[in-house]
Each structure stands twice: as C-alpha cells, then as structure tokens.
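Residue numbers (the numbering used here), protein chains in the order written: chain W, 1 to 421; chain S, 1 to 276.
Note that these hints are calculated values from the structure, not bench results. What you are looking at is a predicted structure, and each value in this text was computed from that prediction instead of being measured. Quick reminder that beta carbons are idealized off the backbone N, C-alpha and C, glycines included. One or more of the hints may lead you astray.
As the list claims (entries may be wrong) - Some chain S residues close to chain W (C-beta under 7 Å, calculated; not the full set):
| no. | residue |
| --- | --- |
| 1 | Ala13 |
| 2 | Arg28 |
| 3 | Ala35 |
| 4 | Val39 |
| 5 | Tyr43 |
| 6 | Leu262 |
| 7 | Arg266 |
To be verified - Some chain S residues judged to face chain W by a derived CB distance under 8 Å, without partners named:
| no. | residue |
| --- | --- |
| 8 | Gln12 |
| 9 | Phe33 |
| 10 | Val41 |
| 11 | Asp76 |
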Amino acid sequence: MPADTVISVSGLSKRYRLGHVARHDTLRDALGHKLRRLARLGREDPGRGSREEFWALREVSFEVRRGEVIGIIGRNGAGKSTLLKIISRITEPTAGLIELRGRVASLLEVGTGFHPELSGRENVFLNGAILGMSRGEIRRKFDEIVAFAEVEKFLDTPVKHYSSGMYVRLAFAVAAHLEPEILVVDEVLAVGDYAFQRKCLGKMSAVASDEGRTVLFVSHNLGSVTGLCSRALWLADGRLNASGPAAAVVADYIRSQTEQTRTAFDFRDRGGPERAAGRLVLTGLELNQAGAILHRESFRARIHFRTNAPVDGVAFGLGFCSVEGTRLATIDSDLDGQRRSYPAGHAGWIEVALPELQLGPGRYALDLGARCGDVASLDYLPSCGMIEVQPGPRTSAGAVQIPGGGLRLSARWQESSEASA
Amino acid sequence: MTPALPEPLVIQAGRADRHYWRDLWRYRELLGFLAWRDVKVRYKQAALGVAWAVLQPAVQTILLTFVFGKLARMPDGGVPYPLLVLAGLLPWQLFSSAFSGASNSLVGNAHLISKVYFPRLVVPLSALAVALVDLAILLVISVPVILAFGVIPTWRLALLPLFIVAALLIALGAGLWITALTVKYRDFRFIAPFLLQIGLFVTPIGYRTDFLPNWRDLLSLNPLTGVVNGFRWCLLGGGMEFYTPGLLVSLAATAVLLATGLWYFRSTERQFADVI
C-alpha cells in the first residue's frame, strides 16, 4: 500500500440473502422453513439459491489517495450505497478486504438521529455525538454550526416545529463541521434549497483541498460530480465499470445511459431487499402506452406500484432532468390536489396526463417518487430511466435545430412599434 | 509537512473486531447522549412522566398486599406487608423497565443502526438509563413511606447500589437476547411482555422466600430472587435474614444470562444493519 493511500479496496463483494428479509420475518416462518427443509432431507431446490441471493457488489477494487475527492456514479441499485455502508463499517462485506487509514465519518442521510421533541440546540449535540464528534468538539464549533445553518432564532424550539428547509440546514451544518480524515457522503444534497446546496458543495470542496481530507461522494447530479470530484468510479450491477478522471467517466456514463432510451420501465428488481419490503414500492413506468414521446403533443405516464402496508395520503411525482442531472420540470400529484390511500397488498397503477408536453426535443433523465405526508419518502428512484422527446408535428423547425433546451414554454406575444417622431 | 497516516484499519468478512471494546469506550459519550435523549423525551411532559413512574407501582403494591397478605395470608415475619411488597416492587420495576427498554432498543433505533457505525452495544446499554431515573424517583417517594411504617433503615442501605447494579445486569443479559432476536424475528416483541408477566409471579414480590424452605432454592434460580431479597435486606432493617446460598445461585444465574446474552448479541451484531 503506497504511503499516501488512505483507502484500499480489493476484491470487495457483498451478498444479500433476500430470504432473511422476505421470508424469515417472523419466528413462525423461520421455524416453518426449517421444518420444510427437514422434510426434504437436504434435497435442495436447485433454482432456489439464485433467487434468494442478490450480489450488491462483486469483486470491486480501487485505491484512493489522500486529498482526493472521488465521485461514485451509477444507476439505482448499482451498489453505490452498499459500498459506502461497508466503508462506513455499518455492514460487513461477504468477501474482500478494505484498508482504511484515518477516522471515517459517514453522512448517509441528513439528520440521522434527530429527535423531533428535542430542541435545535439539543439535536446539534445529539447528532454530533452520533456522527462521532466529542462533546468538547461540538461545543467548540457550536456557534459556527448555528451560523452556517442560519437558525439562530429557533435554537430552543423543538425541531418538530422547524420547516423542512431549516431542519435540513441544521442537520447538514453539523455534518459539514466534522473533521474526519475520510468523509463519506451519500446523496444527501438532493434535499434542501439550491443556494444551500451550493454552500454545502463549497464547504465540501474546501474541506478536501485545504485540509487534505479525502471525500467519497455519491450523487445522481452528474454536474456536481464533474464540478467537485477529481476522479469518478462508475458502478454497474455491483461491478466497477470504469474509473478515471471525473469528466471522462461521466461522459461515458451519459453516453451509455442515452443509448438506453425507452418508453417502458420495470423497477421490480431495483435496489435491495430493503426497498422491496417498503410500504409502497414503485414497480414500473409506462409512457404514452409505449408510443413515441412527442414535443407539444399529449403525454401520459402510467405509474405502476404495489403496497406492503396500508398507506395514507400518497402523492406521486415524476421529474424530468437534463442528462447532467439538473431537474428541469416536475409533475406532482400533490400540486394537483391528488392524494390517495391504499390498503396493504394493493397493486395497480395511477396515470397522469399532460395535454401538451412542453419539454423540447432531446434526452431527459426521469426521477420517479412516491411520498406520504409532506416529507416521508415511500419510494424514490432518482435517474431511473432515460427518455427521448422527439419533435412533433407542432414543433417549429428552430426547436429541432437546438435540441435539449429543456422546457419550451408556449407564451403569448404582443408587439407594437415605437411611433416615429 | 502532512502528519503521518495512522495504522490502517482492516475491514474483512468475519474478522473478529479487535478494537470492539476500545471502540465501546471511545463511544461512551454517544452512550451518554442516547441515555440523556431517552430520559429527556420520557420526562418532557414532566408531570405525566413522573406520575406514570409512581402510579403503577403504587397500585401494584396495594393489589399484591391484598392478594398475598390478606387473601392468601402469606406469613410476613413481623414486617408490615405493604413494605414487604414495596421493597420487592422497587427492584422489579427497575428490572422490568430496564428489560423492556433494552429489548426494544435496537428496533427502536433502527434508523441509527442502518445509517451510522458505532458498537451496537451502546444502544441497549443506554436504554438502562431511563429505568435508573425511574428508580431514583420511586426511591425518593418510598423512603418516607418506609419511615411512616416505623422501619428505620440501617447501614445496610449503603449496600443497595450493589443490588441495583445486579438488577441492571440481569435486565441487560435478558434484554440483549431479546433485542438481538427481535432484529431478526419481529415476534419477539410480544415475548418480552409475556416473560414479564411470568416474572411477576416467579419473583418473590408478593411473598417472602425465607418462609418457603422447600421452594427457596428453586426460586433462587431466578436471578431476580437474590436481588429482591437483597433489596428487602437493605431497606427493611433487622426484620430480614440474609440467605447467602440463594444469593450465590442467583448471582451464578445472572452471570450465565449476561455471558450468553453478550455472546449472542456479539455474534449477530454484524448483520443487524442488513436485516433490521
């Protein structure tokens, strides 16, 4: 291991046994399962092993030097989060070896351990301790954290009364003041307003360049990966597909994604067992009944889902992003006053129709989500598919010439000429 | 000059973590914070929190005194029956609240376990704090009651902390089993209250073991028996005899429970984040 290597990963693999979650949920099931196996007297069903196993990571190897900022990209379920969880020591690898030099702090979620009944001040201390800071360290940085979060006035208010923006700002402020040698960050910046995201990204890059700290960073926002990271790792189906300079890897990734434009998507195998056991699982998306998607023509999206538990007040959302990952437009059933409730075991679809699709011709990444209440996400699939909007009969020639321009809003125009003197 | 890099930490499948106990020590502040959070949240609505901690044992004292003292006419050996029951209920309350807290601790903190690393033992350990605070409140209220019955505590009161620790260790041992099993098999949630119901009767809360010579060795296998007798010995002055063999059996049972609980917890701990 070279002198300035801080993370060395070799042959890392992680297998999840789906049976543990899906089948042995209750003791009765587990006992029943054991009895059935006993009855078969060891005659294993040959097809079963493959169905119950799921390799989240396979033979991943890479090294990271001190001070590098590494972006990890890949589709949902490609193994990015699993990799971060293993490096953070939350879960154990099935095979392989990691050597880490230095204290690791991981930020896999904003506000882990925040308690709604406790005040902002109390939560700063609690959250800091959970992230591995000492009491003295938190006390020393307390004012700085509060100033960064801009919540001075509400420090003694229970955080359950905070707006979601304030909550996220406070939570991130604590995390941003961690001083580990290695910082591991999952897609946590997706929440929070744009100005605050910029501030956090700035803080992260300052941390890496000024203090020689190493950052591992997962994001679906490819723009922030190229802007922030020196190197990128691309994971696909649990394997390391490419690694190298961020701009080059991101460009390859975008190319591979755009080759896969489709109008029907199946999400049943996405993610791990954790997702499949969620209260509501998004299972598929069909656009325009598999027909072409045309600019300025009608657009229909049919969202397929099933429920594992009763859910109330569900809102569905569909986001359209540029291939770099910037959200350009959002359809949200909540905005249209549509919230629905479903019993456990429900399977079906909900369809949304737009009379006129105003996205200009070009390629877009889709984000699909369902949530209940105001913030609780039931299922969220960022960058879950790529579509191509084609010029329609009502697209003007000019718009065809300049593709990918995002929303093309049709507006009303008026004119008058200055009366000449 | 950049500082020299520390020795690498190795993460590998099935590798026994040599740093576990050192890590546990390093995370002692987190332990404190989690305990403080639980206590704070419980007593947030202070009046109601304290009322609950007091009301339940008060009603139980009256009921058990009536059933065992008046209906069954169990011998009291000269100690006022309500005091006998009260001195038995104090450790029982401590145990049952610590045990249910520890049993629910992992599932109750699932969001932490799946998102942050720390030695998982921190969670059930911190759950014991609420039980201790509850006990402190009960003790403050019980002492005037004991005095009112004309019983003056002696120097033996100074040994009470030993029995408090013993009750916590029993709760921890049993709690480690249940909380680790609950992660994998959620129906163990229903087993903890069930065990507590049985425990209320096989623990000598409503009666004295020294008047049941045929049964007291068998009852001592329940580690709480030693603790209950210890509490009575400490609190109720000269009216209580100390039965050393019984205490030793109870202590041995405690050690077995704690050792196996720790063993099961440690051997399943690394999979918690995957199945929780």
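Going down the list of hints, with the structure as the test:
Taking 7 Å as the C-beta cut-off, the interface hint given for S/Ala13 holds, the closest approach to chain W being about 5 Å. Taken as an interface hint, S/Arg28 does not check out: its beta carbon lies about 10 Å from the nearest beta carbon of chain W, beyond 7 Å. Proximity of S/Ala35 to chain W is violated relative to the hint, the smallest CB-CB distance being about 11 Å (cut-off 7 Å). With a least beta-carbon distance of about 11 Å to chain W, the hint placing S/Val39 at the interface is violated under the 7 Å criterion.
The interface hint given for S/Tyr43 is violated, since its Cβ lies 11 Å from the closest Cβ of chain W, which is over the 7 Å cut-off. For the restraint placing S/Leu262 at the interface with chain W, the shortest Cβ-Cβ distance is roughly 19 Å, beyond the 7 Å limit, so the hint is violated. Interface hint at S/Arg266: violated, since its Cβ lies 13 Å from the closest Cβ of chain W, which is beyond the 7 Å cut-off. Using the Cβ-Cβ criterion of 8 Å, the hint placing S/Gln12 at the interface with chain W is satisfied: the shortest such distance is roughly 5 Å.
Nearest Cβ of chain W to the Cβ of S/Phe33: about 4 Å, under the 8 Å cut. The hint holds. Contact between S/Val41 and chain W, as hinted, is supported at the beta carbon level, the nearest pair being about 5 Å apart and thus within 8 Å. For the restraint placing S/Asp76 at the interface with chain W, the shortest Cβ-Cβ distance is roughly 42 Å, beyond the 8 Å limit, so the hint is violated.
Of the hints listed earlier, those the structure fails to meet are numbers 2, 3, 4, 5, 6, 7 and 11, in rising order.
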